[in-house]
Amino acid sequence: MRAAIILLAACASCSRSARDDGPAGAPVTIVLKHQPLWGDAAPFHAFLDRFRRENPDVVVRAETLPNASDVAREMFLTALEGGADDFDVFAIDVVWAPEFARAGWLADLSAAFPPAKLREELLPHAVEAVTLEGRVYAVPWFLDVGLLYYRTDLVARAPKTYAELREFARAAMARDPRVNGFLWQGRQYEGLNCNVFEAVWGHGGELLDEGRIALDTAEARAALTWLRETVESGLSPRSVVSSGEEETRRAFQDGRAVFLRNWPYVWAEAQAKGSAVQGKVGFAPLPSATGEPGAGTLGGWQLAVNARSPASRRRAAERLVAYLTSHEAAVELALHYSRIPARRAVYDDPRVQRGAPFIAALLPIALAARPRPVTPYYALASDSIQGELSAAIAGLRPPAEALSRAQRIVDHLENPR
Amino acid sequence: MKRALPTAAVLVFFLGPLAWQLLTSLWPEAELTRPLPSALTLANYAGLGGTFARAVLNSLLVAAGTTALCLAAGASAAFAIAKLEFRGRSLLLGAALAISMFPPIATVSPLYLALKALGLRDSLAGLVVPYATFALPLTLWLLTSFFRELPDEIYRAALADGCTPWQAFVRVFLPLSWPALATCAILVFIFSWNELLYALSFISTPEKRTIPVAIALFAGEHVEPWGQIAAASVVATLPLAVLTLLFQKRIVAGLTAGAVKE
Amino acid sequence: MMAAPAAAILAGVALVPVLAAAWLSLHRSIVVFHEQRFIGLSNFRFLLEDGRFWSALRTTAYFTAVAVAVELLLGLPVAMLLHRGKGLLRAAVLLPWAIPTAVSARMWAWLFNADYGLLHRLAPGVDWLGSPWTALHAAILVDVWKTTPFVALILLAGLQTIPEDVYEAANADGAGRARTFASITLPLLRPAILVALLFRSLDAFRVFDAIYVLTEGGPANATETLSIYAYKTLMRSGDFGYGSTLSVATFLCVLAIGLLFVRVLGRQR
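Here the protein sequences come in this chain order: A, B and C.
For the first sequence, our numbering gives the first residue as 1, with consecutive numbering after it.
For the second sequence, our numbering gives the first residue as 1001, with consecutive numbering after it.
For the third sequence, our numbering gives the first residue as 2001, with consecutive numbering after it.
It is possible that some hints are incorrect.
Partial selection, computed: residues in chain C whose CB lies under 10 angstroms from chain B [what the hints assert, rightly or not]: (1) Pro-2005; (2) Ala-2014; (3) Ala-2020; (4) Leu-2074; (5) Val-2103; (6) Leu-2111; (7) Leu-2234; (8) Met-2235; (9) Val-2248; (10) Phe-2251.
Please keep in mind that the hints were generated in silico from the structure rather than gathered at the bench.
C-beta: ideal position from N, C-alpha, C; glycine also.
Could you build the full structure based on these sequences and the hints that come with them?
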């Protein structure tokens, strides 16, 4: 009898101090900060519950934070700079990884997730985006990639070159004057950088030159000129200059355009009931100058572990990261939330091929996705780059001048006075 | 009749966009780009959920706390500045003004560290204090300006009646200042209700979220559910509309009490 | 001491971050690189040569001047309407100010949308947010819409303090509406007008949400105000040093405006 009471008392004191490194056997609580996944939250919660069942010594508290990248970044910057240790696993945007890693805010995960193994199992470019100086600081969770949507009822096939894009769009516009040619995102924000970089890659250019951001190149000038011309020639409506993803998606979904450059999420929306273009949409890699499939910008989110989490929580955190980025998890995310997997094998999984054929078919495009310059300086410079690119797109400055100004700013940032 | 046209113009200008917002919230999501919806639906409201209700409650608590703190500290200080003679009163007023001039974004990081040190981070009380601080200058200025307009004779009469300054303040001046107090209360309440930056940076547990942060959470990674956001903002504005309706009588209570005219 | 609580709150909570930010402005501090080097006034020297700063200052000054002027011109008639209006009207007019700025700005962004917006249907061919000139004025419109109620409310409080018998006397003297307004109402409203002007100017100079949601400061940073520049420098670039410098510079500008008004306010006493 006395033993039972002592045991009960011991258990009571255990649960009260669950958050600390309690006595052996007490569950460790780790906090997961993630963006709300668009759709029914139930499958994700069920998935987390399974982790709890398989890992009874770990309690996971999932907290959501806003999806808007800027808003989340502001929150993280303030918290991490302020030494926050009240969350353990958190989702970061693909462009923050090199920067946060350099700041020492992300735990080095190379032991639990060896780079070589990651490169084998996940898409190589995705791994490249999370590796800094050979060490892994985050694990890709799900991806995004820029691609081209086209109206199957207005054009026979997807264009392979920019010239074909122009030609096909003009032919369709001649037949139906109400329709716009090519919609893309030209507003001053990060999405503009994505669009421009895709054009640069499509023109055969590179963005990194020996680890330094290189913008003032002939290919970049050609790319920026091409984009500006789409607006000047009327191929793209003037509104492109102030449009983001949602404005262009809605326009395309309303049947107002032949071609749209956007992210994979548009597919589900365009094929949903009530969409004016349901059943009339195809997707393809972006065009390029030579006809080779163009590369889309790599987007998406990765899971990282807070460098300030104490050792005991870190092990549990790594287990959670492994679970959330496992094959099973990727299949769940693909089926329920249309998230593009970072794991190569998931694309061939029969469940995905049956339940999410769009995602399965995305493999070649996903493989070709390229990250924005993987250097800690990109996040610092991205804002200034946006300003200059926007000046060129809006016709306020010639592309060559905009690019050389951008290059000067980037150089100044990389070489502090 | 002469008032009808300007009244109508004012109503259209101010309420027009809001009516559009209300319409958007009843608009089926798939038809948002069409000129007019084919049918109205409550789906956007149904999707709001219990967490949003929780956020409304949190906002109410924080806003009420901020207003109370601001009015209490502000009214007494304003009275002191306006009627009592003490050194440094211009300095106080000036400093209050100066504080409110600083761009809030630069204060986020230092405040975060300060609140963390005080253990107030991630608590509703930890929001009330910064909010009250940044709403205090306007309150101080409005109330000081108001108290200055009230004649000094009233104060001297009260003192002659044997009141201490504090009693004079509470018994004589406060009842006269309903219009100004009501005005300040509404301004502070609304400021606190809609504040996003601090609420986002200082609160991390979902149960303590306030409305602006909750609305920011509606957006998916790319998709922005305009209909749902419109519905949320309508629900968020309702308490404010009700409060304003209740308070507006106080705002225009007027000084018909008679004490001032003498 | 009755003023003590207010003083304590202000000193404790507000002064600390402000002083901290001012201190940071004297450093080169890029958060990500854990750099924190004291460089004295170097940041300020760079600021004086920073074209983007001057451009932002011009934009901010223009925005403030136009927005506040329009708000005052609109606020006064609205306040007079509310003065004798029904309660419902008062509540209705206050609503724009009651909606979270981020939400109302988004609502206006939708209205301004170059393809679908209501305003597009009224004035097709104008890409409101795509060209710097119209974008800035679009932002001014949003700000005017949102904060005129605030100005009206302050002016209304001022109108309420004018005793009725003043009007009765004027009426008895045979003064017309316009004369009454010009020589009685307006002068008596002066304190309220100045308070409204003061606080609106201070706020307009630090405008952020209205413009950020509409254009993020674009195109080509043409609608970027000082607050947006400071925000981007602090949060996007993680440059806490220069970002704080920009904030201090904004503060000094706003201080100058404030001092100007206070001098005017003081003189009239």
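- Query: So which of those numbered hints doesn't the model satisfy?
  - Reply: As far as the earlier hints go, not one is violated by this structure.
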